[in-house]
Structure formats: C-alpha cells, structure tokens
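Colleague: We have chain Y; now place chain G onto it with these hints.
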Amino acid sequence: MRSKAGLSHKHAGSLHAPDAEMAISNARDVYTRRSEGVSIWVVESKHIHSTLETDSESMFDPNEDKIYRHPTFYDIPDEVGHM
Amino acid sequence: MEKKQALFNYLLRLGDNSAILGHKLSEWCGHGPELEEDIAIINTALDLLGHARSLYTYAGAVEGKGRDEDNLAFLRIEREYRNALITELPNGHYGDTIARQFLFDQFNYLLFTELEKSTDETIAAIAAKAIKEIRYHLRRSTEWTLRLGDGTEESRTKIQEAFNNVWAYTGDLFVEDESDAIIVAEGIGPDLKAIQPIWREKVKAVLEEATLTIPEDGWMHSGSKSGRHTEHMGHILSELQYMQRAYPGCEW
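Residue numbers (the working numbering), protein chains in the order written: chain Y, 1 to 83; chain G, 1 to 252.
It is worth saying that the hints were derived from the structure and are not from the lab.
Beta carbons: idealized from backbone N, C-alpha and C, even for Gly.
To give an idea of the interface, some chain Y residues facing chain G are shown, with a C-beta separation under 10 Å as derived from the structure:
#1 HIS16
#2 ARG28
#3 ARG33
Negatives, chain Y to chain G, calculated, CB over 12 Å:
#4 LEU7
#5 GLU53
#6 ASN63
#7 ASP65
#8 ILE67
#9 HIS70
Isolated chain Y (complex conformation):
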C-alpha cells in the first residue's frame, strides 16, 4: 500500500482471492476503508521468498553491537532543517 504519492509501498496485510484482479479489489475493500492508501500492489504469496527463523542468529544478531552504524553521533546544523 502506498499511503500517498511519492512514498514507497508498505506491507498492509494478507488476504485470500481467486486471482490477481480480485486480490486488488479485496485489498481495496479490506485495507483502504480508512483512506490508508492511493496505490496497491498485490503479490501472490508463492512468489515471496523469506529468511528462515533458524537463520536469525547469523543473519541479524551480528548487527546488534554495531552501534556506530546508527548515525546518532553527528550534530546536524540547524540550517539543514528536517532530515
């Protein structure tokens, strides 16, 4: 779901549908009732490849002690404004 023009699509949820057209239609009816979006992508779940729970240690744990990768040490000059 793209919440407004210019922003990237974000995952809104899962649903059942007999085919792609109905999936878009169902996504509109289930996930945009409160003006959440202006554009919808649907992807059949069989086309999604995912990481495995069992790989989590080697995939994600090593990043936990590398705080220098978080750009919290820089002073941003006021004139730069919102980043």
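Modeller: Okay, now just chain G, sitting in the frame of chain Y:
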C-alpha cells in the same frame, strides 16, 4: 401533478432503492462466504446507505414538511415505499445476491451517469459523488458474475439459475409513470425507456462473456412505483423500523 410532487416522488424512489438494497446487503454482515467478501459487500451496503441519506435529506427539503432522513427512512408504511422490486428480493445464496446486484448496479450506473447532467443542481451533485462508488460496485459484481459463470460446473449452474429467477423483476426498473414524464420533461432525470436497451446490451455482453445465457423476457412483475411490493417487503420493514417504532426518536 406539479413539479414539486414529481421531484419528491422521484427522490423517494432513488433513496428507497439505495436504502432497501443497502439494508438487504447489510444482512450479509458476519455471514459472507469469506472474510474479504464479507467486508467488500458491506462496503457496498454502506455506500448505498450513504446515497440514501443524501437523497432522503433532499427529498425532505423538497417536500417542505419538516421530515428528515430518519423520518423518511423509518416511519413510512409499506405502500409509501417506492423502491424497485428487485431491491427487496431475498439474499438467497451468494450467487443470488451477485445476480441481483449486477443487474441493479448496471441499471444504477447508467441512471446516475445521466443524473450527473441533471438540471437539478443538488441531484447532479449527489450523482457526481455517488457515481464513483457505483462504478466500483458494478466492477465488482461484474467480476463475480464472470467468475461464477465461467467457474465450475456447479457455480455456473447456480448463477444461471439465479439470473433466471431474478429476471422477472427487471422490467419493474424501467416502468415509467406521470412523475417520470415530468422529471424527463424538466431535464431532471433520463428517460428510462432510452436506458433500457443500453442496459440490456451491457448485461448481455457480460453474461455471454461469463458463458451464461440471457434469460428470455417473459411476464414481468411491476408495481413498485405505486407502492405495490412483493411479500418480502413487510418483513424487511418490520426489522428495519423496529427500533424507531418501539423507541420513537431514539438515538445512539
């Protein structure tokens, strides 16, 4: 008949179509064939109730007797309702609901497309807002007609039966009376007889694509424009009006 009375009748018909069909669809809430479809059909129900609210409010203003949308929706007797017979038919199985919906959506779409050009500015404005939703309703009921018709042997048999059963109620959509003659002459609404062949052509095209047969035009029910309804209408009103009859003026 003066123009004001014709306009009031016309607005009630439009409002009652939306209110009664919206109410019928709302009966699916929590009972849809799957979660997504349950939400989708209720979205349509809510859209239709929204159209009814605008139309009733304007009807009350035209009448000038102080009746508001709730008064018109809940406090008339059966013979005063003017909704087309097709809108009050039972939901049946989901194919029955889809067949009824597709035939009505196609009619409503053609009607509201013309109402956008109405010489009555309020009707034109209501139509301009509603047509976006009606276009989507039509898209959805068309897609389901195609999938059920060109689906399995069972779904095809059931949806064909559904169209056969509802067909005799479609003629009532196009019946014109004295009010309609004034509405057409004043440029407020379209000539229904001009819409009918277009409706038929569009319906035929979708049914053929869905590998279905368009039912034969046989004897047609009619009477909604003079308030003569099917046996289902009284049951709808007993449920729809219960709260306002039991607790007059109640709000929540």
